[in-house]
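Protein chains in written order, with my numbering: chain A, 1 to 136; chain B, 1 to 328; chain C, 1 to 266.
Heads up, some of the hints might be wrong.
Here are the simulated DSS-like cross-link-like pairs (lysine-lysine), alpha carbons at most 30 Å apart as the crow flies [claimed, not checked]: (1) B/Lys325 - B/Lys30; (2) B/Lys126 - B/Lys76; (3) C/Lys157 - A/Lys85; (4) B/Lys59 - B/Lys76; (5) A/Lys85 - A/Lys59; (6) A/Lys34 - B/Lys320; (7) C/Lys157 - B/Lys291; (8) A/Lys44 - C/Lys97; (9) C/Lys113 - B/Lys243; (10) A/Lys44 - C/Lys113; (11) B/Lys320 - B/Lys146; (12) C/Lys98 - A/Lys44; (13) C/Lys113 - C/Lys266; (14) C/Lys266 - A/Lys85; (15) C/Lys97 - B/Lys320; (16) A/Lys37 - B/Lys59; (17) B/Lys291 - A/Lys86; (18) C/Lys232 - C/Lys41; (19) C/Lys91 - A/Lys86; (20) A/Lys37 - A/Lys64; (21) A/Lys44 - C/Lys99; (22) A/Lys44 - C/Lys157; (23) A/Lys85 - B/Lys291; (24) B/Lys291 - C/Lys41; (25) B/Lys59 - B/Lys146; (26) C/Lys91 - A/Lys44.
None of these hints come from the bench; they were simulated from the model.
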Amino acid sequence: MRTTFAVIAGVGLLLTTVPMQAHHAFSAEFDISKQLKLQGTLTKWEMINPHSWFHIDVKTPDGKVEPWLIEGGSPNQLIRLGVTKKTLAVGVEFLVEGYQARDGTNKAVGRNFVFADGRSLFLGGSAPAAGATEGK
Amino acid sequence: MFHRFVAATALAGIVTALLLVAPTAAQTRKWTVPRTADGQPDLQGFWNNTTYITLERPKGVTTEFYTREEALQMMKRAADEEAEQTEPGTIADVHYDFTQFGLDKSQSPLALNLRTSLIVDPPDGKLPPLTDEGRRRAAARAEARKRMGALTDAVQNQSLMVRCILMDRNGPPMLAGAYNNNYQILQTAGTVMILVEMLHDPRIIPLGARPQLPQQVRQLEGSSRGRWEGDTLVIETANFTDKTAFQGSSENMRLTERFTRTSEDTITYRFTVDDPATWTRPWSAEVLWKKAIGPLFEHACHEGNRGLYNTLAGARAEEKRAAEKTPK
Amino acid sequence: MPGQLRPALVATIGLVTVLAVVSPAAGQARGYRAPRTADGKPNFNGVWQAITEAYWDVEAHAAAAGAVLELGASNAVPGGLGIIEGAIPYKPDALAKKKENYENRLTLDPEIKCYLPGVPRATYMPYPFQFIQTPTYIMMVHTYARAVRTIYMTDHKDAPADSWMGWSNGHWEGETLVVDTTGFLDTTWFDRAGNFHSDALHVVERFTATSPDHLLYEATIEDPNVFTRPWKISMPIYRRLEKNAQLMEFNCIPFVEDLIYGHLRK
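Just chain A, with the same shape it has in the complex (with noise of 0.2 Å):
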């Protein structure tokens, strides 16, 4: 009984099964080199799979809008959850860290997104609880 106890402390690593097909896959499309932080407002979610995207509006230094698209995940659970299309307003203003395609466009897959205030989009932290409507 000992034994198995203790062994389960290193088990525990070996039982996170994300399976690791989907993470290469994921750093064989965007460069793990090209970090960025984006602001922007959105102007569509598209609520598809195998991964949703965020198209959104980033206001550039000189004045200019420049489109960004940035991956997400499967908005399916989410959706279990009660968002849906109109959970986010178009408009509504937003970070994104992450990083850029290795094809050099204006796509980027978003490894964290906050409003401005610092809570989640959806999920995480004291995020108001899934299916709360943002500047209805």
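Add chains B and C to chain A, keeping to what the hints say.
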């Protein structure tokens, strides 16, 4: 920081619920499975087979079951790791945060399973030895994979999962992946349908003594026939191709899946793999499916598979840039 | 004589009654009563298929050459009577887009890429589909691309998000299954001729059994972005009578990968 809080809260909720319900092997109150209008045991509804348990028993673990406390500690540790912020600049960080989309395991419905492996037979919790043919085939497949080149050289070099053709949730046998491990079971008088959320994949299993497809007709998910044995749904599947190779199996693998609803919110799913061309003996595994909430929203994977396109395009773009930089 | 009908009149009334039962006019309530499921509803379970040339072009059309030279007559367009009376009532801009779709159908038709077919195209694809019918959900499972439609029979909600196959709420009206579908993406076509819609598409379908082996399928299609008014389609659907009729697996993704990604090969 926030994510650890969410994961810990979610897991604490699950743990509390499990401790209160105390699902032990011996039920203190006899529960009987409800019946459909056609009189069959009712397996209908939404189910989730997420698990932290690996197929094979981990090295150094010698018992068949953890104690409750060991299992809960293990799950908590795994949940904490899932929620931990990944280190910027590492491969693990080049991904969206699962927890922000509710896709981590600790935010999934989870049946408390004290097993130390999903494999229940052989009793050591490990795959049986390979036959000579199984070993040769594994070596040949590894060789073929090497000859194919890099993953990004061609779409066919990527896995069936990345190409949205087949995922572990589909199988069969149906095993959980990282997320969206949801299923909907529907029953009519003559048919059972299992809608697998991933790939929005409809398994339609005719019940009764209907012949299998002819031997020469092979399908990625094989051909399935079902029947009831008491309160257990038994599904036999054969006619696989050589493209899926479940755990290294051959196309002549025969799979038997058994579904038994063991409580209001749990189905015990047990499957047996019989493939004498690959293993010296059949082997079986057991997974607990937990009641989940619907809906299964459409998973149009191939239609939305921009990531695959971007990955291949990105590799070609980088090669082009590298070629342009190289002096002639 | 008062109080008594003349024999000829009685016979005529009798004959008219018999004819009314045997040959009901199209669009009226059927005389046929389908066998029931355990919960008392018309039983549509089974494997069915539409037999119509509508999958090429829902409007009436003559035979025409196919778009691929090497496929010759095997991919030529057969003539069809159409499933709509008259023409689809496009707005002028939309009609121009339809023509552009048709000219570029080889690159634009989502069916060619094994993309989900949408509604009502899935119903008249030239392959069998299956009804799996329970009191709370009726599933339509299609051979092509293994497309699945969930018809919610209770707890009707709005679509949480848009999808290829739409969000379907269904209810029974006597012998007829009525399915109301919204929540479409604009990515599907109605046929191989480039007839299309926007994400405002709204489809109301009626399925009615007219014999043990036939359903009458009627659908009203509405899209204020594309059409000047709603329009209707109608066709019989036939039961697949082969012993052990079933859907074969049609995972068409491997068949189209070189088409979609081939130019990205190293």
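Verification of the hints:
1. B/Lys325 - B/Lys30: The given pair, whose Cα atoms are some 74 Å apart, is violated under the 30 Å limit.
2. B/Lys126 - B/Lys76: 25 Å, holds
3. C/Lys157 - A/Lys85: Holds. Lysine 157 of chain C to lysine 85 of chain A sits at ~13 Å (cutoff 30 Å).
4. B/Lys59 - B/Lys76: 20 Å, holds
5. A/Lys85 - A/Lys59: Holds - the C-alpha atoms of lysine 59 of chain A and lysine 85 of chain A are around 24 Å apart, at most 30 Å.
6. A/Lys34 - B/Lys320: The given pair, whose Cα atoms are some 18 Å apart, holds under the 30 Å limit.
7. C/Lys157 - B/Lys291: 22 Å, holds
8. A/Lys44 - C/Lys97: 24 Å, holds
9. C/Lys113 - B/Lys243: 21 Å, holds
10. A/Lys44 - C/Lys113: 25 Å, holds
11. B/Lys320 - B/Lys146: Between lysine 320 of chain B and lysine 146 of chain B the Cα gap is close to 24 Å, so the pair holds against 30 Å.
12. C/Lys98 - A/Lys44: It holds: about 26 Å lies between the C-alpha atoms, which stays within 30 Å.
13. C/Lys113 - C/Lys266: Distance ~21 Å between lysine 113 of chain C and lysine 266 of chain C Cα, so the pair holds.
14. C/Lys266 - A/Lys85: 38 Å, violated
15. C/Lys97 - B/Lys320: 36 Å, violated
16. A/Lys37 - B/Lys59: The given pair, whose Cα atoms are some 42 Å apart, is violated under the 30 Å limit.
17. B/Lys291 - A/Lys86: Cα-Cα ~28 Å, so holds.
18. C/Lys232 - C/Lys41: 26 Å, holds
19. C/Lys91 - A/Lys86: 29 Å, holds
20. A/Lys37 - A/Lys64: Holds - the C-alpha atoms of lysine 64 of chain A and lysine 37 of chain A are around 17 Å apart, at most 30 Å.
21. A/Lys44 - C/Lys99: 29 Å, holds
22. A/Lys44 - C/Lys157: Judged against 30 Å, a Cα distance of about 22 Å means the pair holds.
23. A/Lys85 - B/Lys291: 26 Å, holds
24. B/Lys291 - C/Lys41: Holds, at about 28 Å.
25. B/Lys59 - B/Lys146: Satisfied, since the Cα-Cα distance of roughly 29 Å is no more than 30 Å.
26. C/Lys91 - A/Lys44: OK: lysine 91 of chain C and lysine 44 of chain A at ~27 Å, within 30 Å.
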